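Asker: This is what each chain is made of:
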Amino acid sequence: MMNRRFFLRGAAVLGCSVAAHPMLTTLTLAAGEKTLGENRLVVIILRGAMDGLGTVIPVDDPLYAQYRPGLSDLGEAPGALTGGFALNPALSGLMPLWQAGQLGFVHATSTPYRDKRSHFDGQDILEAGTGTDVAVSAVRDGWLNRMLQAVPGLSAETAYAVGRDALPLLEGPAPARNWAPDLRLRITPATERLLEVVYHDDPLFRDASEEAMTLSDELDDDLMAAAPLGAKRLSNNEKLADFAAERLRGESRIAAFSQTGWDTHANQAVGLAGALKGLQQTILRLREGLGEEIWGKTTLITMTEFGRTVRENGTKGTDHGTGGLSILAGGAIRGGQIYGPWPGLNESALYAGRDLMPTTDIRSWAAWAMAGMYGFDRTLLETSIFPGLDMGSDPRLLL
Amino acid sequence: MMPTNETLVAFRFGYGLPLPKGAPVTPETMLAALAAPDPGPALWPGLTTEAAVEQMQFFDASRRRGKESKEAFDASSKEIARRVQELRDRSVKVAVARALDSSDGFRERLVAFWADHFTVVSTNQRTPAMPSAMVEDAIRPHLSGAFADMLVAVTLHPAMLVYLNQDRSIGPDSPIGQRNGRGLNENLAREVMELHTLGVGGGYTQDDVRQMAELLTGLTVTTEDGFAFREAWVEPGAETVLGVTYDGKGTEPIIQALRALAARPETAEHISRKLAVHFVSDDPDPDLVAAMSSAWRSSGGDLMAVYGAFLTHPAAWAPTAAKVRQPAEFLVAALRGLGVTGADVMAMDQKTLARTVVRPMQAMGQPWQQAPGPNGWPEQPEKWINPAHLATRIAWSMALPQRLADPLPDPRAMAVEVLGDRAGEAITLAVSRAESVREGVGLVLASPEFNRR
Chain A
1 MMNRRFFLRG AAVLGCSVAA HPMLTTLTLA AGEKTLGENR LVVIILRGAM DGLGTVIPVD
61 DPLYAQYRPG LSDLGEAPGA LTGGFALNPA LSGLMPLWQA GQLGFVHATS TPYRDKRSHF
121 DGQDILEAGT GTDVAVSAVR DGWLNRMLQA VPGLSAETAY AVGRDALPLL EGPAPARNWA
181 PDLRLRITPA TERLLEVVYH DDPLFRDASE EAMTLSDELD DDLMAAAPLG AKRLSNNEKL
241 ADFAAERLRG ESRIAAFSQT GWDTHANQAV GLAGALKGLQ QTILRLREGL GEEIWGKTTL
301 ITMTEFGRTV RENGTKGTDH GTGGLSILAG GAIRGGQIYG PWPGLNESAL YAGRDLMPTT
361 DIRSWAAWAM AGMYGFDRTL LETSIFPGLD MGSDPRLLL
Chain B
1 MMPTNETLVA FRFGYGLPLP KGAPVTPETM LAALAAPDPG PALWPGLTTE AAVEQMQFFD
61 ASRRRGKESK EAFDASSKEI ARRVQELRDR SVKVAVARAL DSSDGFRERL VAFWADHFTV
121 VSTNQRTPAM PSAMVEDAIR PHLSGAFADM LVAVTLHPAM LVYLNQDRSI GPDSPIGQRN
181 GRGLNENLAR EVMELHTLGV GGGYTQDDVR QMAELLTGLT VTTEDGFAFR EAWVEPGAET
241 VLGVTYDGKG TEPIIQALRA LAARPETAEH ISRKLAVHFV SDDPDPDLVA AMSSAWRSSG
301 GDLMAVYGAF LTHPAAWAPT AAKVRQPAEF LVAALRGLGV TGADVMAMDQ KTLARTVVRP
361 MQAMGQPWQQ APGPNGWPEQ PEKWINPAHL ATRIAWSMAL PQRLADPLPD PRAMAVEVLG
421 DRAGEAITLA VSRAESVREG VGLVLASPEF NRR
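Going down the list, the protein sequences come from chains A and B. Per my numbering, the very first residue in the first sequence carries number 1; after that it's consecutive. Per my numbering, the very first residue in the second sequence carries number 1; after that it's consecutive.
Treat the hints with care, since some could be wrong.
Unchecked claim - Here are the simulated lysine-lysine pairs, DSSO-like style, with alpha carbons at most 27 Å apart:
id : chain 1 : residue 1 : chain 2 : residue 2
1  : B       : K383      : B       : K78
2  : B       : K351      : B       : K78
3  : B       : K351      : B       : K93
4  : B       : K351      : A       : K239
5  : A       : K277      : A       : K316
6  : B       : K383      : A       : K116
7  : A       : K316      : B       : K93
8  : A       : K116      : B       : K78
9  : B       : K383      : A       : K239
10 : A       : K297      : A       : K239
11 : B       : K70       : B       : K93
Bear in mind the hints are in silico, worked out from the structure with no lab data behind them. Model, not experiment: these values are computed from the prediction.
Here chain A stands alone, though its shape is the one from the complex (with noise of 0.2 Å):
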């Protein structure tokens, strides 16, 4: 029964993508057999292709500073990780958590996107989650939507695209919410049963009117449970990460949102120090929205559409490049590490001879974790969930 809805959702939904990969025939998840459980999953999307050289940092590598001798000034020291890596100070906040053991990272990793380096197919190609094999105009639904199809039973509630921006990651026929922290619909219930009269013969306005009412009534209930007199104004970020604190303690199990602002073509010490400091205000902010059970329970992964050059540019800036970084945070992680084998800086052993060798698959970090919390069959992952991965062997990126 699960096998045919998914089957036909998936042939329907993926187009090119089964013509590719005669898949799904294999999966093995029964109904009723799979849930979400407890563990939750947030991923954040970083919009602009985050230079990871410049956050966590080859600092004993000579290299380095050769290749980039104008952007060596990040104001204070970067904070000691391993191997001959060191943190970004704008991230220091997060050295607590790379103590715990909270806090890991992919270095040199990478979709199989190449030579183009278009932010808009790289973002296209991430949040797909297919190979090159596939094109992307051709799917219809992200990879993270397609890991819910492949779970009966689940609610809307499930997972949350959180904020104003699309995100394509969790767009598919899997139902998903998308809510904005500082959205409420007050009109009265006639009005209400007049608009869904106007838009019961418009699939699109009726769904997204339907979600719409839903989330208000909600919101506006939770709003009046918890009024906070008086409170500090917050940051987008922080509205951003409160509100998928407080949807994650409850019923939902997969928050994603994105963040932008890390394409540094110029002056770029100041502008990826800016965002880090961005980054860094929502993973604390959310960690302390989550308390600690539920902290314990989350990996967060961060991921961006590639890397940047390993030379700076004539501006103090980099640009579009191939390996990147990708950051695991939570309590659910086994972290403290750097995951993925690092391929050095030499000249003969950069991409096209500018940019980081990817060494490892992004997707295959993603699909660890879905297999680590969610127990997911490999061929279900290898197949259906990210068309055409090998996933490789297990890094045990999990507790």
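For this one, chain A is given, so just place chain B on it according to the hints.
Answerer: The following block gives chain B in isolation, referenced to the frame of chain A:
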């Protein structure tokens, strides 16, 4: 050809019903209007490049004065903020007022299309007028001319040079590059090929991007002049882009390369398809796109020929409503439906403008001139009609009209007036049952019939 009608023209090619006086409603009259001089600037004068450069000069001078003391700095900050607000407000107002008042709605929609195709964003106080200035001086004058002329004007405009970092890109082997070790930035070179001309599948390589970046060196921006060309920044030697070698002094080789990109068949296909997607459907009739790109190729990229092939093709007049009005379009159409004129918008104070247009546009997912990247705004209906954005459209429809129209129109008459022959049974019935005039008007504006095109 299928019969045209006012509703289709107003929704698909214009800014809504009721059509302004004298609005053309057939392909022939629409093309004739486009071939005539642009009435926009006379209607409401826009922000020019000169004004945008003046703002840069003002900003730099104020900052210099502000260095004298803390009081001077505070005073200059205040004055800068006030001017920036004025410029940003004026930029929104002029675009909305022209869209409301011009009889040539298709021209205004095309201006928005090209402004999005050549997206630029300013996030600082020095260049707030630049995006509008580029539209005014590099896009509008070439709207019904040769695409190559528009491409050259846009690529050499200070707004584009600043936005895609070309103003700071220096040939590493140029005299200045050798002296201070500064070098290339390939951002503009890449986007010119990926977004503005060939398209990402357009058969160029990383080498072409690099060569184009070297070719573009010398283009920059100064506070004194706006656009400037610095021979001392130019990477020496010839560059080869897509197999053609460019050499020579000044901007001439750059212009030649841009013209060559404009003439490529990939460019014809990429942009023809984009036009069809924007106006008609995310999955446009291949024959429509083929007719447009064929007109493009045989005319050497004459945009009138492309628009002609578009407007005279039956697929452009298919009576479906496969797209949704983007937020800016929705707001203009709603203001029009409420009887708000361009003069009313121009007269709005800052607070009213923010409450009516600027903040709602942002909350509906389309902050003015702040597209998330150089690829501009998305086209797919589901990107605009998600729960959060639809909730904002509903909230605006229910709350704002009573601030804009006194008295509010009778919602039953308004449904007919703004929906034309698209007013179906469900909306007509719902409007007649609304609890109040306010909610009846809200239902009309929030309806799929109003929001789709």
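Asker: Among all the numbered hints in the text so far, which are the ones the structure does not match?
Answerer: Hints 1, 7, 8 and 11 are the ones this structure does not satisfy, whereas the remaining hints hold.
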